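Enquirer: Single-letter residue listing:
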Amino acid sequence: MSVANAILQGVFLGAFYAVLACGLSIMFGVMRIINLAHGDLAVLGAYITFVIVDRLGLSPFVAFLIALPVMIALGYLLHLTILERSLRSGILTPLLATFGLSIVVQNLLLIIFSPDVHSLGRSAGSLTTASWQVASGLSVSALGILVLVVAVLVFGALQLVLSRTRLGWTMRATAEDAEAAELVGINSRGTYAWATALAVAIAALGGLFLGIRSVFDPVSGPTQLIFAFEAVVIGGMGSLWGTLLGGIALGVAQTLGAQLNPEFAVISGHLLFLVVLIARFGGGRMVLRVAR
Amino acid sequence: MKVARWTRTSRLFTGGTVVVAVLLASVPLVFDPDVVQKLTTLLILVLLAAMWNALAGYGGLLSVGQQAFIGIGAYGTVFFANNGVTPYLAMLFATVLAGVISLPISLFALRLRAAQFAIGMWVIAEVISILVRLDKNLGAGTGISLIQLNQYLPNFRQAYTFWLALAFAIVFIAALFFLLRSPLGTSLQAIRDDEDAARSLGVHVAARKRLLFVLAGFGCGAAGVLIVANTLFIEPGSVFSVQWSAYMIFMVLVGGLGTFEGPILGAIILFAILQTTVSQGGPWYLVGLGTTAALFALLLPRGLWGTIEARLGLRLLPVGYRVVEAKRAEPA
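So the protein lines, in turn, are chains G and Z.
Residues 1 to 292 (our numbering) are what the first sequence spells out, left to right.
Residues 1001 to 1332 (our numbering) are what the second sequence spells out, left to right.
Looking at chain G on its own, in the form it has when it is part of the complex (with noise of 0.2 Å):
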């Protein structure tokens, strides 16, 4: 019962990877870029959200809601200013930008909130604490149901965006040719500017949800867009429901690892991630895909 129990704690903890990696898996599908600053952004999320439940006495939803416009302008700007220039020249250099990027965002945050850990959990009420005994051995919690449902209504509605609205059409244009998209009259730049918008507010989303869930500090940034990554690269890159299945997969590789020693938890992501690297480099054509 205990392998039953972790593997739907696994499911619940993997739903919050695929909302983390959601953003990473949109840009990577749209612009052929990894955002390395992508988990600090996660986190800045989560601090812009602190600061508004702890100025305005907000529930934290509501206070993610005023946070999001903020992050969304961020993540428009972002496109604009730093990643614009950088997918001009090589692949290299996005890299090295965004990387640039984390190390300045995680500086800032560590000069303003101080390495102190900060938490959202307690300001959420009885969410973070309600759960339900649905079996012996087998518990459902509240936060968990909620991270599980809003996953996946955010992979829904990007679904519907991709394949039904007039953003989402030049999205997945851009994403198949950018050049021939630009000849039929599609401004790219505008395109991967939105598109990194959408990327940086679910971003903050999975802030959001860290902070609710965990603590965190200055420094979670790294951690978070590893596992991102990894739950991206797990469901296959530039797949947008692959990473929802990725995100799950990761979780419950964690949660069966911390079944055999609390220890081994990050590391057996860590090793299903590298297995799935080795087993499809190179396949597929890493295009951003939605179902039809």
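Don't take every hint at face value.
Which stretches of chain G does chain Z cover? Using the computed rule of at least three CB atoms under 8 Å from a CB of chain Z, they are [what the hints assert, rightly or not]:
{"id": "1", "segment": "26-39"}
{"id": "2", "segment": "78-88"}
{"id": "3", "segment": "108-122"}
{"id": "4", "segment": "228-241"}
{"id": "5", "segment": "260-269"}
{"id": "6", "segment": "272-278"}
Partial selection, computed: residues in chain Z whose CB lies under 10 Å from chain G [as the list claims (entries may be wrong)]:
{"id": "7", "residue": "Leu1062"}
{"id": "8", "residue": "Leu1153"}
{"id": "9", "residue": "Ala1294"}
Simulated from the structure, these hints should not be mistaken for lab results.
None of these values were measured; they are calculated from a predicted model.
Quick reminder that beta carbons are idealized off the backbone N, C-alpha and C, glycines included.
Following the hints, put chain Z in place on chain G, whose structure we already have.
Expert: Below, chain Z without anything else, positioned relative to chain G:
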């Protein structure tokens, strides 16, 4: 027209380098141990920058996980010393260990491209770091001292470590220098300039990259060895820290990615920054480092040295070729 490698400047400078190496070797005889310790740090930075540049500048391999080899070098030294090997011999063993381990890692890592390689290497470093933390004999998460070095008097210890650092720096940079000047090196510079074009001309890109990867594995392992010899204490949190990658990226980007001399200049700049009071003042200087690295990547991708070299046509160490006008023979 003919092709020349040496210029007058590069002859002078190469000769100068030999003189500088001899002068550096006499440093422990003249200066205080704390100066010697600081210069050891400088040599470690030079070595790290040169190795990261070998990977990224010539192989197009951007690794965020070279701290894996730093850690293997540092912990390998402690491991061998704890198992009865004389400390300085343990350091050689640990360097070789890092280089040997880099070979199986390369079989896997070199299949990955760009971001996959960068983060794949980072995860490998994390895995090795976790394995070290799980090992009680290596001090687990709290760190461990290289107590065996205490058998030497501090002044001698510092001098030996400095000479070892100088030897490592010279050996690895010379290895890279001769590698780049060999026919192999021509293919490496071709890969640097355009990987696909090089492949289409028959360059064995994978084999060349493996060579650089293993060289960097040895070199970063040597740097790890020197770090534990210089500080006598290591912990997984710092020796496996991604901050090493941040330093390497800063030094190489500022100095000049893919130039031979640039990373050395970058290392000297970082060393100078680390000596100032700003660096003790907390995270602001890291904000500065990150901003500078990003700005160089975006605005001055060839770095300081690459820009100087292009402006002045200057080349201090002859790793490339240049076309010169030959004196026309007078018609008889």
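Enquirer: Now tell me if each hint is right for this structure.
Expert: Structure-based check of each hint:
Proximity of the segment 26-39 of chain G to chain Z, defined as three or more residues with a beta carbon under 8 Å from a beta carbon of that chain, is established by the 4 residues found. Three residues within the 8 Å Cβ limit are the bar, and the segment 78-88 of chain G against chain Z gives 3, so the coverage statement holds. Counting residues of the segment 108-122 of chain G whose beta carbon lies closer than 8 Å to any beta carbon of chain Z gives 3, which reaches the threshold of three, so the coverage claim holds. Only residues whose beta carbon comes within less than 8 Å of a beta carbon in chain Z count, and the segment 228-241 of chain G has 4; three or more means the coverage holds.
Three residues within the 8 Å Cβ limit are the bar, and the segment 260-269 of chain G against chain Z gives 3, so the coverage statement holds. Three residues within the 8 Å Cβ limit are the bar, and the segment 272-278 of chain G against chain Z gives 4, so the coverage statement holds. Hint status for Z/Leu1062: holds, given a least beta-carbon distance of 5 Å to chain G, under 10 Å. The closest approach between the C-beta of Z/Leu1153 and any C-beta of chain G is roughly 38 Å, which is over the 10 Å cut-off, so the hint fails.
The closest approach between the C-beta of Z/Ala1294 and any C-beta of chain G is roughly 3 Å, which is under the 10 Å cut-off, so the hint is satisfied.
This entry does not satisfy hint 8, going by the numbered hints stated previously; all others are met.
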